[in-house]
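Colleague: Protein sequence lines, in the order shown, are assigned to chains A and B. In terms of our numbering, the first sequence has 64 at position 64, counting the first letter as 1, and numbering is strictly consecutive. In terms of our numbering, the second sequence has 47 at position 47, counting the first letter as 1, and numbering is strictly consecutive.
What the hints contain is simulated information worked out from the structure, not anything from laboratory work. Careful, some of the hints might be misleading.
The list makes no distinction among identical chains, and a pair is therefore deemed to hold if it is satisfied within one copy or across any two copies.
With a straight-line cut-off of 25 Å between C-alpha atoms, the simulated DSS-like cross-links for lysine-lysine are [what the hints assert, rightly or not]:
# : residue 1 : residue 2
1 : Lys165    : Lys175
2 : Lys165    : Lys139
3 : Lys165    : Lys63
4 : Lys175    : Lys63
5 : Lys63     : Lys190
6 : Lys190    : Lys139
There are 2 protein chains.
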Amino acid sequence: MTKPCIICVAITGSVATKDNNPAVPITVAEQVESVHEAFEAGATIAHCHVRNDDGTPSSDPEKFARLKEGLEAHCPGIIIQFSTGGRSGAGRARGGMLPLRPDMASLSVGSNNFPTRVYENPPDLVDWLASEMRTYGVKPEVEAFDLSHIFQAVAMNRDGRVPGKLYVQFVMGVKNAMPVDREVFDFYIKTVERLAPEAEWCAAGIGRHQITLNEWSIAAGGHTRT
Amino acid sequence: MTKPCIICVAITGSVATKDNNPAVPITVAEQVESVHEAFEAGATIAHCHVRNDDGTPSSDPEKFARLKEGLEAHCPGIIIQFSTGGRSGAGRARGGMLPLRPDMASLSVGSNNFPTRVYENPPDLVDWLASEMRTYGVKPEVEAFDLSHIFQAVAMNRDGRVPGKLYVQFVMGVKNAMPVDREVFDFYIKTVERLAPEAEWCAAGIGRHQITLNEWSIAAGGHTRT
Ligand SMILES: [Zn+2]
Ligand SMILES: [Zn+2]
Ligand SMILES: [Zn+2]
Ligand SMILES: [Zn+2]
């Protein structure tokens, strides 16, 4: 593998709180310092959620703006990726920070179940988020929680809704969605290579599956999120 | 293949109306006659939706009761499968006909996108539908609109939520869900055989894909829906 491995750091998802882990960074200042440490250790992409002061997920563009400023000052050159995932807001509020023109943003292109609810990404919202990303020059990282999401990503790439080189992340280990399964992981890669040979892929395992997915991804020549 | 091929007839889905095709049976009497013709031609399972008089989808248990009576009188021995799909009702109304004890009922175990909306099957609704099917001795046909749904079916089979021999239907060709793709079809079969070697599977293609899926299924030793 001569391809450089992109290490994406997700310093904080949207679910963990200080109750689960006192080290979880909540404030913008804490998040910036946490990314800074990862940046010095070699992280290339910072995948960012923002929080309210009580630790609950937020989609407030003002918070994203302050986080972006902080990262640009402390971690010059890091690729800033904002989450448009559904845990932090509903409907178009999920994309309200895209006019800030982060380098990248996550983009879910299908719906699936989460542990206790439906992760809703209706087709018109997906199309709107993708069009906002085109408008503001934001590169999408397509989140594939299931196999059909890879097909949807490719369809959107071919018809121009997600232009340029496709970047897909496989998400495994979410309860009621796709479990961590080696044969599925291999089939995901095979499918991306068959349908979109130019595409790049990475993989994320949730919770205790994180290390497994990191190992599989690096060995298979993909990028990885820690 | 010495295994008998089950031919499942879905005389009417929930979407087509007389506007699309004047031959679509709408009333219970029309549906019974339509199944009767298919039964005489060799159909084994009748997959049933019911309609309002204006052709719109319904989940009225009273209509299902009259359909069941008609099928039992005209097509003795046919396996009656009621749809609990989300096009005909919302929430628990989708399972309101299960106390009629049809032989089988469809059971979606995950969520996915449909052409213009989210097909919502939240985990608690899935569990409730499965428990009603156990209560009334109804055999589920698990609808797999995506790969993770096969994993979910196997998990529910292993923990007893869907007891007995698993019966899974692959659904392909729905816009914004899984397209018709031969390598995915083969991987679906491989996955069922790996995770649940005793399971039976069948496949349904939507619209113009129906014939393709019928041919693939019969050649691969599965059952099929026409
Ligand atoms: Zn995230
Ligand atoms: Zn710093
Ligand atoms: Zn149906
Ligand atoms: Zn008859």
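Colleague: Determine for every hint whether it applies to the structure shown.
Modeller: Hint-by-hint comparison with the structure:
no.: 1; hint: Lys165 with Lys175; verdict: between (30 Å within a copy, 23 Å between copies)
no.: 2; hint: Lys165 with Lys139; verdict: within (9 Å within a copy, 46 Å between copies)
no.: 3; hint: Lys165 with Lys63; verdict: neither (29 Å within a copy, 52 Å between copies)
no.: 4; hint: Lys175 with Lys63; verdict: neither (29 Å within a copy, 37 Å between copies)
no.: 5; hint: Lys63 with Lys190; verdict: neither (39 Å within a copy, 47 Å between copies)
no.: 6; hint: Lys190 with Lys139; verdict: within (23 Å within a copy, 35 Å between copies)
Hints 3, 4, 5 from the list above are not met by this structure, while the remaining hints are.
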